[in-house]
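**Q** Chain by chain, the residues run as shown.
There are 2 protein chains.
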Amino acid sequence: MIVALAGGFGGAKMALGLYRVLSPGQLTVIVNTADDLTWYGLRVCPDLDTVMYTLAGLVNPKNGWGVRKESFHALGMLGHYGEPTWFQIGDKDLGVHLLRSKLLADGYTLTQATQELCRRLGINATVLPMCDEPVETKITTPEGVLSLQEYFVQREGRVKALSLRYDRIGNASLSEEVVRALHSASRIVVCPSNPLLSVGPILSVPGLRGILHSLACPIIAVSPIVGGKAIRGPLARMLVDLGYGATQVTIARQYADLVDGLIIDHQDAQEAPLVEALGVATLVTSTIMKGPASWEALARRALKFTPAVLPFQ
Amino acid sequence: MIVALAGGFGGAKMALGLYRVLSPGQLTVIVNTADDLTWYGLRVCPDLDTVMYTLAGLVNPKNGWGVRKESFHALGMLGHYGEPTWFQIGDKDLGVHLLRSKLLADGYTLTQATQELCRRLGINATVLPMCDEPVETKITTPEGVLSLQEYFVQREGRVKALSLRYDRIGNASLSEEVVRALHSASRIVVCPSNPLLSVGPILSVPGLRGILHSLACPIIAVSPIVGGKAIRGPLARMLVDLGYGATQVTIARQYADLVDGLIIDHQDAQEAPLVEALGVATLVTSTIMKGPASWEALARRALKFTPAVLPFQ
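Protein chains in written order, with the numbering used here: chain A, -7 to 305; chain B, -7 to 305.
Worth flagging that the hints you see were computed from the coordinates, not collected in a lab.
Just so you know, these numbers come straight off a predicted model, no measurement behind them.
Pairs involving identical chains hold if they fit within one copy or between any two copies, as the list cannot separate such chains.
No more than 35 Å apart at the CA atoms, straight line, and that leaves these computed lysine-lysine pairs for DSBU-like:
(1) K130 <-> K94
(2) K94 <-> K152
(3) K152 <-> K61
(4) K94 <-> K54
(5) K221 <-> K152
(6) K61 <-> K94
(7) K221 <-> K130
Please construct the entire structure, taking both the sequences and the accompanying hints into account.
**A** Dropping the structure here:
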């Protein structure tokens, strides 16, 4: 069993690469839910949806989120009624939120609802929310405390992040399914998702770090930074805002106590010694995922990379 | 102030005729809510929506319900997930249900939520649900007890109705807004809606008949039956199933204790004496509404008809 920890865009593509090269049923993806929100009474789980849509072949390939060939007529009607429309929920996407919300209202946990949705989409992998309790990433900015969607979608990440926190993470708990998946893992892959906004919340669910420390299997991270930039999203800007550099050393520092190896892009080969000085072995390869061949190639490397045990210098 | 009692299709067209010939703000429409349902957690009010969409010029002119130029992508996605799709909720329509459900969750009564929706649509008439409490029409059939939507939409009214009831009508109460509208009415028009499924529930809200009896203003009904058939919907079939005839006499009997006059179509002129024998004055005219001129003509007749007081024979 391979366990991936993933957020949205990059995480979903990495998960898809793993899904394509592994046998059916061999992959479990533990997904960030700290971006989740309630939208007009419906439970919306952006990262879970992106992972599900990606594994099911439904994802909009251009955006990397939402459903392909999407329309926005319900949202347009809300706009006609004078409601804000910056949060782009498509019509097909709405179908999923309606069904998830109904399952939750019927007493399903988010874990159970997600498994039911995946089953109906014919996904032969296990997709698990990091926890069933609501957790909310909040970003303090000069404009006030924002939700992730307000920061990232409404303001397009253009406002300075002063600090961030995961609200209610103290109330979160590991589900049985997450615990079981981690204990049965032969390898754990931290996908190239945002370490602050996506992987950070997962690692902050009380008890999760402890389990990772206790496991004997290799834990490999794939860096989301290439050449000082994030492939997508506000990561690089946010790292700088928060006083980190957008470098492999920063990524390695985020994960140094947990991972055995970090996969970084050729463009950052010169940083490998600095990363290794933190006790994290490196594999230098192409980490840019464009098209199925590259997803699969990166997945194979993440599955085969056997990091040497390095001393922390 | 003119008050109309209305259901969906025929009621909405009659309301539109009245809206077009009256001054802005002069019309109040009290609408059946016994067809309302909860659909994937959203409150759906088919008759209120039909009236609102019709007055706002948004209605699908072909169906007489739903929004014009509608798409069904959210529903299609639910179908993709294996959910039933016989209840045709369109994407634009969904926008309204999302907003209404949010307003209700925020503590609005259905009356307040409806007024807010109408205000945002620029409707210069008052649209009131018959009550704020949920009431549900149930139809007993050989296939069991069905909701109105199961009977009318899922089975297309093709199953025999054995009896019907308005569940929880005993818990319904007149809103202040309905009471105020009725007391300020200079005329009440019972629209050509289904007397059993649409007007029946309105008249059954405890206290409403008492107020109608106490009012001095004329109460005029427009018959939904023309030549032994209903213009639309399961009315004629249902009347026969339940042992009534699909005749003007049946309609007059439903309303005889309340209305002063009944407007019937030329095709049924020969029934006028039978209706008048029940103490209900008649006006014979064209009641078929096809296009704005006919809506307005019928509205003008309903507003001008001054029925003679007839003895019950």
